[in-house]
Structures are given as structure tokens and as C-alpha cells.
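A.B. asks: Sequence:
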Amino acid sequence: MNSHQRTSYRQRLQQRQTVIFGSIGLLLSLLLLLGLLWFTGIVPFPMNREFTAEEDAQDNVVPCIPAGTQAVENTSITVKVYNASPRTGLAATVAGKLTEHGVAVADELNWGGETPQAPVVIYSSLGALPQAYSLARMFPTATVLLDGTTTTEVLDVVLGEDFTELRPDGEIAELSAGQELTSPRTA
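In this text, residue positions in the sequence shown follow the UniProt record's numbering: the first is 1, and each later residue adds one.
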């Protein structure tokens with residue numbers, strides 16, 4: 001092998017190495033860029049299949065009220081009223097009506113979660129179920145759901161698009177503490 005052949009062989013070897021390592025470097029750069037796009041959320045990850053995600057067993061369960069549970073006084077109920085409908089001022093109007101009937105209103109807000117399927121959804125902790133079911137009697141159609149993420153006794157009342165009004169004042173006045181509670185509606 002003469003020096004010209006050796007030089008030619010080295011040049012071909014270097015060219016092949018340059019092509020191979022350059023291709024690998026380019027591929028890694030593209031994978032890095034794609035990974036960054038997935039990480040930042042600009043491009044959705046193809047393996048994120050929400051339809052196969054496991055459901056949380058504690059998430060929004062319709063609780064059974066224990067037999068013999070009695071209604072509580074309206075003055076012992078504290079609520080946050082949320083408007084999940086496009087109607088302006090709905091939460092304030094309902095909060096005013098609830099206040100007239102002795103319910104303490106902690107806040108009136110717009111709902112930022114999923115649109116409720118029922119006209120009224122009352123989210124309650126396990127310890128506040130008597131308050132939740134006592135409050136649910138004031139609405140013609142209300143669904144009480146257990147919120148496993150909280151332990152507070154403040155109830156979240158979410159008014160959906162189908163909400164029309166509370167029960168008439170006369171009917172609400174007939175509801176008294178000490179009456180046995182029953183589940184008003186299941187989702």
C-alpha cells in the first residue's frame with residue numbers, strides 16, 4: 001500500500017465517520033428538540049391517553065346519608081356560592097336568598113371547574129354531610145357530592161346552567177332542624 005492509497009483510505013474513513021457521527025448528532029439534536037417541545041406542552045405527548053386513565057374512587061362520590069341523620073339549623077351552615085352558568089350575578093342573587101334564610105355565605109365566585117351536569121351541585125366533606133343535605137332541601141333539584149380533597153365544613157354550592165330558583169320561601173320556612181334527612185337526588 002503506497003502513501004497515496006493510504007491517504008485515500010484515511011480520507012474515506014474520515015468521511016464515513018463524519019457522516020455517521022454527524023447523523024447521530026443531528027438525530028440526538030432533533031430528539032432533544034422534540035423532547036423539549038413535549039416537556040413544555042407545545043406539542044402533545046402521543047402516549048398521554050386520557051381515556052385509559054384510572055378514575056379516582058374518592059373523586060365526587062354521591063354519599064349515602066346515614067339513617068337517622070337529622071337536619072341542622074341554617075345558621076350552622078356556611079357556603080361558598082359558585083356561578084357555573086353564563087348568567088351574570090347568579091351567585092350573588094342566590095347568596096342573598098340563602099343569607100335571608102340564615103345561611104352564612106363565605107364567598108360568591110365564578111366556577112372554574114367542569115360544568116356541572118345537575119342544576120345545583122353541593123360539594124361537601126365527609127364531616128359536613130348533615131349541613132349539605134340540610135342545605136340541599138332548599139333547592140328543588142340538588143345533588144350532593146363528596147369532595148375527598150377537603151375536610152372543611154364550608155360547602156361549595158355550584159349553580160349550573162339549568163338552575164332556575166330556590167324553593168319558595170314558604171316551603172323553605174317549613175323545613176326545620178331536627179327533621180330526618182334523606183338523599184334528595186343522586187347524580
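One or more of the hints may lead you astray.
[Said to hold, decoys possible] Just the calculated beta-carbon pair ranges, DEER-fashion:
id : residue 1 : residue 2 : range
1  : Asp107    : Pro140    : 20 to 28 Å
2  : Pro44     : Pro140    : 37 to 45 Å
3  : Leu109    : Val43     : 27 to 35 Å
4  : Leu28     : Val62     : 23 to 31 Å
5  : Thr164    : Pro44     : 33 to 41 Å
What the hints contain is simulated information worked out from the structure, not anything from laboratory work. Heads up, the beta-carbon is just placed ideally off N, CA and C, and yes, glycines get one too.
A.B. asks: Determine which of the earlier numbered hints do not hold for this structure and return their numbers in increasing order.
C.D. replies: Hint 4 contradicted; others consistent.
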